[in-house]
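Protein sequences, first through last, are from chains U and A. Mapping to numbering that gives the first Met the number 0: the first sequence position 183 is 182, numbers consecutive. Mapping to numbering that gives the first Met the number 0: the second sequence position 199 is 198, numbers consecutive.
For the record, the hints were derived by calculation from the structure and aren't laboratory data. Do not take every clue at face value.
The list cannot tell twin chains apart, which means a pair is met if one copy fits it or any two copies do.
[Unchecked claim] Each computed DSS-like pair below joins lysine-lysine, with the alpha-carbon atoms no more than 27 Å apart:
hint	residue 1	residue 2
1	K110	K6
2	K191	K97
3	K47	K191
4	K6	K214
5	K191	K110
6	K97	K214
7	K110	K97
So you can see what is in the structure, the chains are spelled out below.
2 protein chains.
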Amino acid sequence: MVTTLVKRQIRQLIDNRSSTYTYLVWDPNSREAAIIDPVREQVERDLKLIHELDLILKYSLETHIHADHLTGSGLIRESLDCSIGVHTNAASECSDLKLVDGDNISMGEVKLEVIHTPGHTNTDISYLCDGVVFSGDILLIRGSGRTDFQSGDPGQSYDSITNRLFTLPSETLIYPGHDYNGFTCSTVGEEKQFNPRLGNGAQRDDYIRLMQSMKLTKPDRMDSAVPGNQACGLVE
Amino acid sequence: MVTTLVKRQIRQLIDNRSSTYTYLVWDPNSREAAIIDPVREQVERDLKLIHELDLILKYSLETHIHADHLTGSGLIRESLDCSIGVHTNAASECSDLKLVDGDNISMGEVKLEVIHTPGHTNTDISYLCDGVVFSGDILLIRGSGRTDFQSGDPGQSYDSITNRLFTLPSETLIYPGHDYNGFTCSTVGEEKQFNPRLGNGAQRDDYIRLMQSMKLTKPDRMDSAVPGNQACGLVE
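Kindly generate the complete structure, drawing on both the sequences and the hints.
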């Protein structure tokens, strides 16, 4: 019997304007692939790379409805006939898959498991794939996503992070939706210990108070980005 | 007999101002580590991460004498007592290791092999480590480093890339010294096929002509960066 070691391949991409991370994940055997959080301004780059890597793009997946940039999902689907997946709370009519906690997304022998991790928004999904979690904006490196708009909730954020993500094995790699300090990834073990908001047993009440005390300005493009992203980025 | 699979760990870091990539590489068993191309403005961040990851930093290594930013190597050595390694052509008196082609740098059971790949400068080193090559500025993703200063030479650049890097196995991951388009890594196979300057059998004469025809402006900080980096970044 020949045993083939299946390993998912991952490519991290950056949109420098919005400091957004986009990910390609694929099964090297079948070449079936998903893109997570594509950015509209980068669609041409991403389509070219998908073509060069000889991938069969099956899915364009959102970690949530973004407020700071427009998704590239709609344009990518126009080119490659993939399925757009977003959490069912997003009420996004243009999407093909209304995802809920526990759903599995298959690319050949590679699986992405949907973990509903609300708190930054009510549409947050973390995608777990063979020792790696794509955490979107709920858990950032040494930080966490703001909780003051789009049905964000600091208590839910704390619960999602501590009950769902911090219960994964310590060595699980974390690939976030953004970073502003030049970090590209982290691990569950690191964030449990060193995340200044959540590490070393920070209490729920303290976290809620901290998140509520932040005086953050509204993202520049929020008023157009949220409805634009509910429309899969297919707006003027 | 118990076989332990030794795998090098890698962490990619970004300096957004100069679009420079810094890398931490370590042996997960011994925790011995090297940092490749640290940036002076990011030393505090990098030292904190090294501490949090519980690493024993043995080396701070340069892929070349940089012209666009100041290295953090000198400041890192002041904190962590590591050895600074740079190619012997750099004539950098402050460095501890004058590296030449074929040298091996050991961190526990992990080895970095020095490949002299001149062409961008005469001090270019690519570091090869267990299926990954840190290519500095000689080979960039879908591009290559300019060859018009610091003893750069387009013919040498072509030879270094095609004879030394493109002869590595196709699946070898390439981690470059910079990227300006949001790519984080590539593979030898991809660059052999899709690098517009070098892919698909581009000829040496064409490459030389192309590189010589570029009208590039001098990097802003070059006049201070080059002597500053020969001094391990320890300048005002």
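Hints, verified against the model:
1. K110 to K6: Intra 11 Å, inter 24 Å, cutoff 27 Å: intra and inter.
2. K191 to K97: The answer is neither: 31 Å in one copy and 40 Å across copies each exceed 27 Å.
3. K47 to K191: between (37 Å within a copy, 16 Å between copies)
4. K6 to K214: neither (43 Å within a copy, 44 Å between copies)
5. K191 to K110: within (25 Å within a copy, 30 Å between copies)
6. K97 to K214: neither (33 Å within a copy, 51 Å between copies)
7. K110 to K97: Answer is within: at 17 Å inside a copy they meet the 27 Å cutoff, but 47 Å across does not.
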